[in-house]
Amino acid sequence: MSTVVTTPVRSGFSFAEYLTCLNGIVWREALRFLHQRERFISALVRPLVWLFIFAAGFRQILGLSIIPPYETYILYEVYIAPGLMAMIQLFNGMQSSLSMVYDREMGNMRTLLVSPLPRWFLLSCKLMAGTAVSLLQVYAFLLIAWFWDIAPPPSGYLTVLPALILSGLMLGALGMLISSGIKQLENFAGVMNFVIFPMFFASSALYPLWRILESSPLLYYVCQFNPFTHAVELIRFALYGQVNWTSLAVVGGCTIAFMVGAITAYDPSRGLIRRGPAGGEA
Amino acid sequence: MTATDALSAGHAAPDIRPRPETGGSPALSIDGVSHSYGARQALIDVGFTVAPASFTALLGLNGAGKSTLFSLITRLFGIQRGHIGIFGHDIARAPGEALRLLGVVFQPRTLDLDLSVTQNLLYHAALHGIARRDARERSQEVLVRIGLADRTNSKVRDLSGGQMRRLEIARALLHRPRLLLLDEATVGLDVKARADILNHVRRLVTEQGISVLWATHLFDEIGVSDDLVVLHQGRVLARGKVAQVIADAGGSDINTAFMRLTGASAPGGSVAS
Numbered sequence: 001m002s003t004v005v006t007t008p009v010r011s012g013f014s015f016a017e018y019l020t021c022l023n024g025i026v027w028r029e030a031l032r033f034l035h036q037r038e039r040f041i042s043a044l045v046r047p048l049v050w051l052f053i054f055a056a057g058f059r060q061i062l063g064l065s066i067i068p069p070y071e072t073y074i075l076y077e078v079y080i081a082p083g084l085m086a087m088i089q090l091f092n093g094m095q096s097s098l099s100m101v102y103d104r105e106m107g108n109m110r111t112l113l114v115s116p117l118p119r120w121f122l123l124s125c126k127l128m129a130g131t132a133v134s135l136l137q138v139y140a141f142l143l144i145a146w147f148w149d150i151a152p153p154p155s156g157y158l159t160v161l162p163a164l165i166l167s168g169l170m171l172g173a174l175g176m177l178i179s180s181g182i183k184q185l186e187n188f189a190g191v192m193n194f195v196i197f198p199m200f201f202a203s204s205a206l207y208p209l210w211r212i213l214e215s216s217p218l219l220y221y222v223c224q225f226n227p228f229t230h231a232v233e234l235i236r237f238a239l240y241g242q243v244n245w246t247s248l249a250v251v252g253g254c255t256i257a258f259m260v261g262a263i264t265a266y267d268p269s270r271g272l273i274r275r276g277p278a279g280g281e282a
Numbered sequence: 001m002t003a004t005d006a007l008s009a010g011h012a013a014p015d016i017r018p019r020p021e022t023g024g025s026p027a028l029s030i031d032g033v034s035h036s037y038g039a040r041q042a043l044i045d046v047g048f049t050v051a052p053a054s055f056t057a058l059l060g061l062n063g064a065g066k067s068t069l070f071s072l073i074t075r076l077f078g079i080q081r082g083h084i085g086i087f088g089h090d091i092a093r094a095p096g097e098a099l100r101l102l103g104v105v106f107q108p109r110t111l112d113l114d115l116s117v118t119q120n121l122l123y124h125a126a127l128h129g130i131a132r133r134d135a136r137e138r139s140q141e142v143l144v145r146i147g148l149a150d151r152t153n154s155k156v157r158d159l160s161g162g163q164m165r166r167l168e169i170a171r172a173l174l175h176r177p178r179l180l181l182l183d184e185a186t187v188g189l190d191v192k193a194r195a196d197i198l199n200h201v202r203r204l205v206t207e208q209g210i211s212v213l214w215a216t217h218l219f220d221e222i223g224v225s226d227d228l229v230v231l232h233q234g235r236v237l238a239r240g241k242v243a244q245v246i247a248d249a250g251g252s253d254i255n256t257a258f259m260r261l262t263g264a265s266a267p268g269g270s271v272a273s
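First to last, the protein sequences are chains P and B.
The opening residue of the first sequence carries number 1 in the working numbering; numbering runs sequentially from there.
The opening residue of the second sequence carries number 1 in the working numbering; numbering runs sequentially from there.
Hint data in this document are derived by calculation from the structure and do not stem from the laboratory.
The C-beta atom is built at its ideal place from N, Cα and C for all residues, glycine as well.
A hint or two may mislead.
[Stated by the list, open to error] Partial pick of chain P residues on the chain B-facing surface, computed with a CB cut under 7 Å:
(1) Thr20
(2) His35
(3) Thr111
(4) Val114
The shape of chain P in the complex, shown without the other chains (with noise of 0.2 Å):
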């Protein structure tokens, strides 16, 4: 028990350990949304409140035409069901990159930080455990929605995987980015404020844009160029086998670019996070 057992030094890491390490990452962040059914059950709510109570409301009002990747005219509900998809990938994006900076001033995240594993693939194996975590969360809601006769080909089930995995790392990205530059707990409501409300307002997923063009065409250009109407896109063509390219790149070229900004931000030789102390202390 007290020999000196010590780890030989070794350069660079094995491809078990990576595997080990993504593994570990994911499966604690499954186990801690788990434990915190609350942010489960909020989760699911928040995105049913908008189906069942939003959605049964307008649609009288708005009437829908035959749009791609719809083949017959379509109710209101079918049509935000994946506007609300990628909400909820939107706020669990937003929510499991900020709570590594929130957990315990910092605590949690200086744990991941600390492991000699290279930072980069830190940060992306949490972006894909945070993926994993609203994939769940997705396909729960799906369930429910089905139950209420949303109800996409039985093959939609699975081509909209890839679709969700995507846009589920761009906004865990995005949300990693913000992170970075945030600080405190309260400034939550300022991403709700600024972040969360402008994207999901300004796309697709509550209207077709070319309803939004008839009546602004501004609007409608800040949506062409909102990355979430993207990824709201490519989450619904998927949803019925098709594929929509230009989402794709779009939502592909941004997720690139929020997990180089990610990284870079959280490399400790650049980063933005060495702008002050972490705690109280100095």
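Following the hints, complete the assembly by docking chain B onto the known chain P.
Chain B alone, transformed into the frame defined by chain P:
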């Protein structure tokens, strides 16, 4: 997975392979490190070393720059000026090698309160690439050592403050580092828990040859035979064996030596003696 299993087997038995790169280097070397937050200088030309298998106390008041220094050693912040090495590995140029040899206990608690004792340990092991089976064995082993073997499935939330600290120390040692940093590890603990933690860490030095840097603002945690670094307002005021530092400052004990070094105007309220 076979590669990892082979590695694990190597870890489990006492390692007899040579360790060429660490021979002769100090466990921790800090050289000319300065750091500022905007206009405020937190560290000014800080330099000292921690010898292998030694207990070095880093003494300073709150705000002396201890936490900044820890953030630099653990690569939370980038080094603005100077060099930090762990067993000869520069943390800016070879962070992977350096961090592998380093275990840290931060001042704020960094355990997942809703996860079990074992789950917390397994997560940490995974962060160091330790395969699951090996990680379970090691967890069991450390839990026996810190007297928490019967609490493996308890939520961390249900542990006492002292037990959490012991768990954090055990966690920091799971990947078998050779240098352990502890930042105010006894803050918020009662007298008995404080003594337990301190004795536990001192035994790690004598029995396992681990090098320890122990940051504190409490004089009574420092022993006469320890190495001491006095940090005040971002500067190193004194370093050396405790007895030597006291003699050089012309004090009768650490308390008076510290007061003399810091110009007697030290805010006594925040220093417990």
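Okay, the hints, checked on the actual structure:
The beta carbon of Thr20/P comes within 5 Å of a beta carbon in chain B, closer than 7 Å, and the hint placing it at the interface holds. Contact between His35/P and chain B, as hinted, is supported at the beta carbon level, the nearest pair being about 4 Å apart and thus within 7 Å. Taking 7 Å as the C-beta contact cut-off toward chain B, the hint placing Thr111/P at the interface holds, the least distance being around 5 Å. With 7 Å as the threshold, the beta carbon of Val114/P comes within range of chain B, its nearest partner Cβ sitting at about 5 Å, so the hint holds.
Going down the numbered hints, you'll see the structure goes against none, and every one checks out.
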